[in-house]
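**Q** For this one, chain A is given, so just place chain B on it according to the hints.
Order-wise, the sequence lines are chains A and B.
Counting from 1, one number per residue, gives the positions in the first sequence under this note's numbering.
Counting from 1, one number per residue, gives the positions in the second sequence under this note's numbering.
No lab work stands behind these hints, which were simulated from the structure alone.
Here the structure is a predicted model, which is why all the values come from computation and not from measurement.
Cβ atoms here follow ideal geometry from the backbone N, Cα and C, with glycine treated the same way.
Treat the hints with care, since some could be wrong.
[Claimed, not checked] Partner residues are not named here, just some residues of chain B that face chain A (Cβ under 7 Å, in silico):
(1) A6
(2) I8
(3) V121
(4) L125
(5) D140
(6) V141
[To be verified] Listed next, the in silico SDA-like pairs over lysine to any residue satisfying Cα-Cα at most 20 Å (straight line):
(7) B:K173 <-> B:E148
(8) A:K54 <-> B:Q29
(9) A:K78 <-> B:A6
(10) B:K169 <-> A:L11
(11) A:K56 <-> B:A6
(12) B:K169 <-> B:D181
(13) B:K122 <-> A:K78
(14) A:K78 <-> B:K94
(15) A:K56 <-> B:L90
(16) B:K169 <-> A:H12
Spelled out, the chains give:
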Amino acid sequence: MADCDRTIADLHLYLADELLPHSHNLVQEHLRACPSCLQAFDFHAELRSVVSRKAKERALPASLQQRLAETFSLDAPKIFGQVSPFDRPSPF
Amino acid sequence: MADQQAFIEQAMQYAPQLYSAAVRLTHNQADAEDLVQETYLRAYRGYGNFEEGTNLRAWLYRILNNTFINTYRAKQRRPEETELDDVADLYLYKNRGRFETALASRSAEDRLLERITDQEVKDALATLPDTFRLPVYLADVEELSYKEIAEILDVPIGTVMSRLHRGRKALYKQLYHYATDHGLVESTDQEPEPAHG
Numbered sequence: 001m002a003d004c005d006r007t008i009a010d011l012h013l014y015l016a017d018e019l020l021p022h023s024h025n026l027v028q029e030h031l032r033a034c035p036s037c038l039q040a041f042d043f044h045a046e047l048r049s050v051v052s053r054k055a056k057e058r059a060l061p062a063s064l065q066q067r068l069a070e071t072f073s074l075d076a077p078k079i080f081g082q083v084s085p086f087d088r089p090s091p092f
Numbered sequence: 001m002a003d004q005q006a007f008i009e010q011a012m013q014y015a016p017q018l019y020s021a022a023v024r025l026t027h028n029q030a031d032a033e034d035l036v037q038e039t040y041l042r043a044y045r046g047y048g049n050f051e052e053g054t055n056l057r058a059w060l061y062r063i064l065n066n067t068f069i070n071t072y073r074a075k076q077r078r079p080e081e082t083e084l085d086d087v088a089d090l091y092l093y094k095n096r097g098r099f100e101t102a103l104a105s106r107s108a109e110d111r112l113l114e115r116i117t118d119q120e121v122k123d124a125l126a127t128l129p130d131t132f133r134l135p136v137y138l139a140d141v142e143e144l145s146y147k148e149i150a151e152i153l154d155v156p157i158g159t160v161m162s163r164l165h166r167g168r169k170a171l172y173k174q175l176y177h178y179a180t181d182h183g184l185v186e187s188t189d190q191e192p193e194p195a196h197g
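Pulled out of the complex, with its shape left as it was, chain A reads as follows (with noise of 0.2 Å):
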C-alpha cells in the first residue's frame, strides 16, 4: 500500500481527478486505511470547493451582453438568455 507521504503528495492531482486509474486506485486503498490522511483530503475537498463557488462571477454584466450583441450583430436574448438586461439583478 502506498504511505502517507506518497499520498499526501497526489492530494491534488487526485482532488483534480488527474490521476491515471493505477495511482487513483492506490490512493483510495490508503484512504480506507488511514484516518490521518482522510481527513487532510475531506479539509482539502472543501477548501477547493469553497474557492470555486466563491471566486467566480455568475452574471454577465449587462454592460458587456450588449456591446457584444452590437458588435456582431448579435440577437441578444436569444444569444443570452431571455432575460432583459434592465431586470437583470446587479451582481454587487
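**A** Frame of chain A; chain B shown alone:
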C-alpha cells in the same frame, strides 16, 4: 460570412466564463469587459485559424490570456512577477489545529471555511502573481483539466503542475491570514481575542 457569424455565436456560450476569468486577471469590471470584447474581436478575425473539432473553449481562453499579456498587463505597468515565497505543503491544513481550539467537529470546520467571504477568496487570488493566478483559477475555480490549461498557457503540463503547486500554497496561506484576521483562527503570535457577543 455566415460561417463566421455562426462561429462567433457558438463562441458566445463561453462569454460568462471568459468574463469571470477576465475579472480575476484585470481586477476590475471595466477592463474585464474590454478584455472580453477584444478577445471576441480577435477570435472573429482569427476564425480561419481555428481547427474544427478542437477545443473551442481552450482556444478562446488562450486568446484571452495572450490579449491580457500583450495589452492590459503592459498598460498596468506591473512587472511580471514570477516568484512566490516558499510555503510549506498543506499550510492551511496543518495550521487548522488552531481552528480546533474553538471548533471540535468536522461540520464546524466546514462552517469555518464557509465563513471565508467571496471577497476574501477573490482578494487572495489577486495576491498571486499573474503567472500563477490564471492556472490556479482555471484548475480550481473553473475545474479545467491540466491538459487544457497547458494548451491555454502554451506551456508543458509539468510547468502547469509546478505553477499550481506553488500557486495553491500561496493562495491557502493568504486565506489562512484572512481567517486569522477574522479571529476565526487563533494567531500563533498573539493572545486569543476575547469572544464577542
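**Q** Determine for every hint whether it applies to the structure shown.
**A** For each hint, the structure was consulted:
| no. | hint | in the structure |
| --- | --- | --- |
| 1 | A6 | violated (11 Å) |
| 2 | I8 | holds (5 Å) |
| 3 | V121 | holds (4 Å) |
| 4 | L125 | holds (6 Å) |
| 5 | D140 | holds (5 Å) |
| 6 | V141 | holds (5 Å) |
| 7 | B:K173 <-> B:E148 | violated (26 Å) |
| 8 | A:K54 <-> B:Q29 | holds (17 Å) |
| 9 | A:K78 <-> B:A6 | holds (13 Å) |
| 10 | B:K169 <-> A:L11 | holds (13 Å) |
| 11 | A:K56 <-> B:A6 | violated (28 Å) |
| 12 | B:K169 <-> B:D181 | holds (19 Å) |
| 13 | B:K122 <-> A:K78 | violated (31 Å) |
| 14 | A:K78 <-> B:K94 | violated (49 Å) |
| 15 | A:K56 <-> B:L90 | violated (23 Å) |
| 16 | B:K169 <-> A:H12 | holds (11 Å) |
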